[in-house]
Amino acid sequence: MSGAALARPGGDFELPCSEEFYKAREGELRSVSQQNKLVAGLTALCAVIWALAAIHPVDRQAWILENLLVVLFGLALWLSHHRLQLSNASYIFIALFLILHIIGAHYTYAKMPFGLWARDFFGLSRNHFDRVAHFGFGFFLAFPVRELLRRFSGIRHGWSFWMAPAVILAVSGLFEIIESIVAEIVAPGKGVDWLGGQGDEWDAQNDMLSALLGSLVMMAAVAVMNRNRTGR
Amino acid sequence: MKQSRTHFRDNHFLQIALACYAIFWVALAIHPVDRGDWFLENLLVFATASVLLPTYRNFQLSNLSYGLILLFLALHAIGAHYTYAKVPIGFWLRDLLHLQRNHFDRVIHFGFGFLLLYPMYEFLERCAGARKTWAVWLAAVALAALSSFFEILEAIIAQIVRPDLGIAYLGTQGDIWDAQKDMAAAFSGAIIVALWLNLQRSLPDQATSLRRN
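Residue numbers (our numbering), protein chains in the order written: chain A, 46 to 277; chain B, 137 to 349.
Bound-form chain A, shown alone (with noise of 0.2 angstroms):
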């Protein structure tokens, strides 16, 4: 086992900052191939469902444009694997959210059956999907961007929870930023529907407010979790 690649402890929610105290606990630690297998099987299981959402996507030119974010993301994953690994929950928290938007890509979101379902049976004014996945995107990634944080930036434990979700909601605003701008190009004057704002003027708004909220409940249910088991 190569000093560079050690593994992180499964599903752990105490995150401990430094390299050096994984390097100490070595012993303890579960085994790289262990961890090889969950990453193996969540990356079949993201090839899958992304093969079959690439067969007749609803809109096409939508499509190619939500997965060029899986490729860039995915690629990312792939190239920084081997002097970097997260921990096992990160990695399952990354799938959930990957084939979230992926669901949502083949639909193009506003015409995702579930949320059309949704729209129907609340009686909403519009089909809520998109702000599921944005929501998605807080909740789930919110916790391997803690865990980074943790690990590289040198921040403290309780500023972690705070600049987590501070990381997402950048991320997001900048999302918004950079939808802005495509849909400026590729459909200029049809403005937010285009993106799928489905008439709502607020959509941008709403979109990043999602994304905090779900960053905020994963950090209260990781501080939770956290003092139960350490009690700090």
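In short, the hints are calculated from the structure, not lab data.
Ideal placement from N, C-alpha and C gives every residue a C-beta, glycine not left out.
Heads up, a few of these hints could be off.
[Stated by the list, open to error] Some chain A residues flagged as far from chain B (calculated, every beta-carbon gap over 10 angstroms):
| no. | residue |
| --- | --- |
| 1 | L83 |
| 2 | A85 |
| 3 | I100 |
| 4 | P102 |
| 5 | R105 |
| 6 | A155 |
| 7 | V177 |
| 8 | P189 |
| 9 | S198 |
| 10 | G199 |
| 11 | R201 |
| 12 | P210 |
| 13 | E224 |
| 14 | V231 |
| 15 | W247 |
| 16 | V269 |
[Claimed, not checked] Pairs of lysine to any residue, SDA-like flavour, derived with a Cα cap of 20 angstroms:
| no. | chain 1 | residue 1 | chain 2 | residue 2 |
| --- | --- | --- | --- | --- |
| 17 | A | K235 | B | D311 |
| 18 | A | K156 | A | D104 |
| 19 | A | K156 | B | G302 |
| 20 | B | K268 | A | K235 |
| 21 | A | K235 | B | G302 |
| 22 | A | K156 | A | A268 |
| 23 | B | K317 | A | I230 |
Since the structure of chain A is provided, determine the placement of chain B on it from the hints.
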């Protein structure tokens, strides 16, 4: 971390800067274009003052940080006096550069990122314990997040106060991408200073390593 503290009595820079700002603020508090709007905008000033004044004794920022914060608040005072969309400099700029709208609000959003990055960096490095390079980028992240949060807050206030007016209530002046552009202005301001700070830090290191070789 032990920080050198200066008693306010001995801090002449801060005394002068604070006095200048106070005079400026009072002058612009007289007959603002819209008193209700002026009050709303000044909630930000009251909030900042209520955080920075009591913490001066025990958690002192550098004079550079205080100066930058005061400069930002002074620019904000101009916007609050004229309700942003009606700031004369903005009209002059619009006519000079043949712009579609009064862009003074974008200037302030840019200033939010540009002027407040250094104070935020200082705060995060000392308080949150972040490493130097990380503290700079996390400061940019924090300002980007605050800028996004501000847009969310604005949207909620607008929906409560005047649901009939929609996004026009926020002085968007007919720009449907107003929120995105405001955020982009703040993000770019913060990123420019973050890049500059990190570049400045890495340059002396390189110089010494070159000399050693």
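For each hint, the structure was consulted:
| no. | hint | result |
| --- | --- | --- |
| 1 | L83 | 29 angstroms, holds |
| 2 | A85 | 32 angstroms, holds |
| 3 | I100 | 34 angstroms, holds |
| 4 | P102 | 26 angstroms, holds |
| 5 | R105 | 26 angstroms, holds |
| 6 | A155 | 18 angstroms, holds |
| 7 | V177 | 18 angstroms, holds |
| 8 | P189 | 15 angstroms, holds |
| 9 | S198 | 4 angstroms, violated |
| 10 | G199 | 4 angstroms, violated |
| 11 | R201 | 5 angstroms, violated |
| 12 | P210 | 8 angstroms, violated |
| 13 | E224 | 8 angstroms, violated |
| 14 | V231 | 14 angstroms, holds |
| 15 | W247 | 5 angstroms, violated |
| 16 | V269 | 22 angstroms, holds |
| 17 | K235/A with D311/B | 13 angstroms, holds |
| 18 | K156/A with D104/A | 10 angstroms, holds |
| 19 | K156/A with G302/B | 26 angstroms, violated |
| 20 | K268/B with K235/A | 44 angstroms, violated |
| 21 | K235/A with G302/B | 18 angstroms, holds |
| 22 | K156/A with A268/A | 36 angstroms, violated |
| 23 | K317/B with I230/A | 15 angstroms, holds |
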